[in-house]
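Chemist: So the chains spell out like this:
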Amino acid sequence: MNSADPNGQRAWYEIVRDVLKENDVRLVTYVPDNVLSPLMKALHEDPFFTTFCCTREEEAVGIVTGAWMGGMLGVVLMQTSGFATLPNALASLAVPYQIPLLMIISERGSLGEFNLGQAMVCRTMRPSLDSMGIEHHTLRRLDEVAFIVDRTISQAVSTQAPAALILNALLTGGKVEKKEK
Amino acid sequence: MAGNNKQAQHNHRKVMSRADLSKRLVGKLKNDEAVIGGIGWTNFELWGAGFRPQNFYMLGSMGLAFPIAHGVAIAQPNRRVFGLEGDGSLLMQIGALGTIASRGPKNLVMIVWDNGAYQITGGQPSTSATVADLVGLARASGLEKAFWADDEAHFDKLIDRSLSEDGPFFIAAKIDSQKPAATTHRDPVQIRERFMRGLGVRKEPHAL
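So the sequence lines, in the order shown, correspond to chains S and E. The first sequence begins at 1 in my numbering and counts up one residue at a time. The second sequence begins at 1 in my numbering and counts up one residue at a time.
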């Protein structure tokens with residue numbers, strides 16, 4: 001696996017893009033997010049991927065689920081609040097039908113959050129994942145990104161189970177309030 | 001106030017049998033077309049229309065029949081893919097129509113059974129019983145080939161078109177509230193595995 005080489009030259013979103021490609025993840029559906037925007041841009045610019053925006057995270061999950069059953073592996077990108085709309089689709093589709101649904105979630109709501117709504121919704125994320133028995137890992141360090149993303153994808157496919165990768169502000173910088181000067 | 005009693009133009013249409021139309025549709029599928037059955041009586045009726053390994057039956061995730069069909073259509077561009085949805089389910093995920101229109105998958109056909117009610121939960125009226133015109137919503141979302149079926153012969157003709165012309169197609173029919181004779185066998189892993197084998201993605205494992 002080429003991306004395991006910790007040369008430190010690539011940004012987190014370049015590593016994620018490259019590891020997705022190495023694992024033949026060809027379909028990317030998303031609902032827009034500021035922190036994920038460089039990853040979305042990198043995926044749009046690479047013709048290896050079919051990348052498009054959806055109206056809701058549930059819709060994005062449905063599309064990736066259908067594509068998997070048709071023989072194409074995909075990933076859904078979203079932010080924390082978007083994940084909070086998903087438990088029904090996960091509990092009644094991805095989990096019981098054994099779909100290796102990959103989710104990449106940018107974490108809002110901690111480490112300098114300025115919006116109480118985001119902070120509250122963030123507290124529901126890991127308990128929701130745990131209650132459905134969905135494997136999840138939080139990415140904080142650049143040198144761990146390639147290994148965790150690669151192993152999470154291969155485990156999801158081998159065990160036919162959904163999995164979530166949570167991108168923490170320590171990795172991405174997160175989103176902070178712009179102060180008036 | 002007046003809106004509650006408003007009978008829009010779209011409701012002055014022939015009401016057809018969901019069972020009959022489901023059988024007509026399935027009877028026309030000769031090339032291993034994939035079919036995604038949305039939840040509720042849409043799904044039971046598809047189950048009752050006869051076994052096909054290319055049928056996928058949802059057991060929850062209301063509103064996701066068209067997104068799932070869209071995903072299958074992306075993965076298998078050379079296969080026709082049908083999504084079957086009820087009016088209540090479509091209204092729950094109406095934004096999916098714009099996504100489909102913007103991408104324009106040629107092999108996707110969306111069928112809507114519109115009885116203006118959430119039938120499986122007790123027949124509570126949906127907005128398509130009065131004000132919401134589902135074909136109007138589809139057209140306004142950018143789907144050009146969006147049609148109401150006027151009667152059974154017209155439905156047959158629209159399905160024939162959707163099987164020979166480029167899509168995406170959106171075909172809606174006003175249907176009755178007759179309870180389906182069958183109930184889908186609720187085994188999600190078996191449903192998914194059969195479907196993947198039916199699409200040629202997986203093979204039956206066998207010893208050498």
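No lab work stands behind these hints, which were simulated from the structure alone. Each hint should be verified, as a subset may be incorrect.
Partner residues aside, some chain S positions facing chain E, computed with beta carbon under 10 Å [what the hints assert, rightly or not]:
id, residue
1, T29
2, F52
3, E58
4, E59
5, V61
6, W68
7, G74
8, L90
9, A91
10, L93
11, T172
Glycine is no exception: its CB is placed at the ideal position from the N, C-alpha and C atoms.
Chemist: If any of the earlier hints don't hold here, list their numbers in rising order.
Modeler: Violated hint: only 11; rest satisfied.
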